[in-house]
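> What follows is the residue order along each chain.
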Amino acid sequence: MKSRILVLLTMLTVWVAVGVAQQPNKVDPVEKIPGKTQVTETVLVPAASHEQAQATLTKKETPAFYFDDAYKSNCTRCHLAPRRFPERKMATIMRHMRVRANLTEEEAKGILRFLTQ
Amino acid sequence: MKYRKCVPTIVLLLGLTTSWAHPQATQENEEERIKPVPVVTGYAGVITSSEPDKQTVVPILTPVFLVPFGENWLIEAEFEVEGEFEREDGTWNKGFEKAVEYLQVDFFAHRYLTVVAGRYLTPFGIFNERLHPIWIKNLQPTPLILPIEAGSGNGLMLRGGAQVFPGVNLSYSGYYSALTTTNTIESKRMAGARWGVFLPQKQLEIGASFQRLLQDERSNSVGLDATWQVPRTPLDIRMEYARNSEGSGYWVEAAYRLRKVDFWKPFFRRSQVVFRVEQFFAPSLIDEIAPEDFDHLGDEHDDLAFSVGEPIDEGDHAEEGDHAEEGGHAEEGGHHGRLPEVDTQRLTVGWNYYLSDGLKLSFSYGRDLNSHGNFWGLALTYRFLF
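First to last, the protein sequences are chains A and B. In this text, residue positions in the first sequence follow the working numbering: the first is 109, and each later residue adds one. In this text, residue positions in the second sequence follow the working numbering: the first is 9, and each later residue adds one.
These are computed hints drawn from the structure, not numbers from a lab. Incorrect hints may appear among the rest.
As the list claims (entries may be wrong) - In silico DSS-like pairs for lysine-lysine, Cα to Cα no more than 25 Å straight-line: (1) Lys180/A x Lys196/B; (2) Lys268/B x Lys210/B; (3) Lys180/A x Lys268/B; (4) Lys106/B x Lys180/A; (5) Lys106/B x Lys43/B; (6) Lys210/B x Lys273/B; (7) Lys106/B x Lys210/B; (8) Lys180/A x Lys273/B.
What the hints assert, rightly or not - Cβ-to-Cβ under 10 Å is the rule here; a few derived chain B residues that face chain A: (9) Glu213; (10) Ile214; (11) Gly366.
A virtual CB, placed ideally from N, CA and C, is assigned to each residue, including glycine.
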């Protein structure tokens, strides 16, 4: 019985992993904001355009997250705001933090760009 | 024995997931604009503590090596070396410890899935995996319940996170660890998982952990944790609850940055005050002694009934000298002490002063409310990166 429970728990974890992995890429139909960079297929908006983006986008077009929000909500949850290191080192640190903080690929890339641009 | 039958199933599932995810990840991973390079980082510090009849000085060096390769791989390792100088009854005793906190290979199989193999920090709760570095934790004395979280495991782990709804992130970690008795890389045979729900807009994360020990008494551990950054206020609140056959307990910690103090700003904007309250509940005798243990006593069984179900009395089961290592306030470097043997309540206050980025001076004062008195701590910690 206990072994069945263990197998079920493992399968549940794998199922969750596979389930979220099968989600299609979120390509929100956001219009390009004049003068701003649209970075990836998932909508990522640089910190500088945060207010303008919020004013421009309709409710339906709200992006998945902003660089600075992703940075604030994920990094400072555990430690102080990190110092800005050279970008190639930051790229390595972001791989480490992607594992430790269970970040998605988009969040990791967005935070990396926020910290290096 | 039953669990051995499960291992092939688990390995098969992990393998299938990995092999399924890899081609997709390769297709979807766009060329990184910034190429990562190997990094040596880590932290060092000197931690002192003082309590009645005992003073301790613990210098610590913890290098962390991060070696990325390819588009989806990372090797990471953290080693810990610490000395322990302890003055008790007028004499100094010296000790030295070294440990491998983690030595793991990470494979980013998919945007929402990372496969970890090797030695890893057990993702039970939040303190063990995320908060244990001395430059991160707000108070150097570790929580009483930390030993329940089991330091490191050797095996496989699947983990990741995803936005399941707008404004709702889900994270998960599932792991299996094999028994290892080799010095410095010990681990228990166990399996477990942690699930977390994070609300970025509320700055709130709530997690639940489960772990099954697959050896010895084959007991279960469960845990709950929460982290809340109060919006528009430099206040962080963290808490954990954990329970297993060796006891249960919780801690709640609030840390407030004094940025809004209007006077002496150069000083206060670098300061943080911390307060933690925690309790540990030792198992009662009825939990420790199975009824069949009394069978051979026959009629004498009834004579022992008075103690069954009552908490273990401190005077009977713990010596004063044992207390120093409980809960970790005398061995901050090795971030696992052992659980108290008696019910314990503790209040700790602290003050952190950030001298510069990565360099922190910490002071703490704690009091155990079950008559063990006070303990003081002073620490200087530094995070480095090359």
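> All the hints need checking, so say for each whether the structure fits it.
Hint-by-hint comparison with the structure:
no. : hint                : verdict
1   : Lys180/A x Lys196/B : violated, 36 Å
2   : Lys268/B x Lys210/B : holds, 21 Å
3   : Lys180/A x Lys268/B : holds, 19 Å
4   : Lys106/B x Lys180/A : violated, 34 Å
5   : Lys106/B x Lys43/B  : violated, 33 Å
6   : Lys210/B x Lys273/B : violated, 29 Å
7   : Lys106/B x Lys210/B : violated, 40 Å
8   : Lys180/A x Lys273/B : holds, 23 Å
9   : Glu213              : holds, 7 Å
10  : Ile214              : violated, 12 Å
11  : Gly366              : holds, 7 Å
In this structure, the earlier hints numbered 1, 4, 5, 6, 7, 10 are contradicted, and the remaining ones agree with it.
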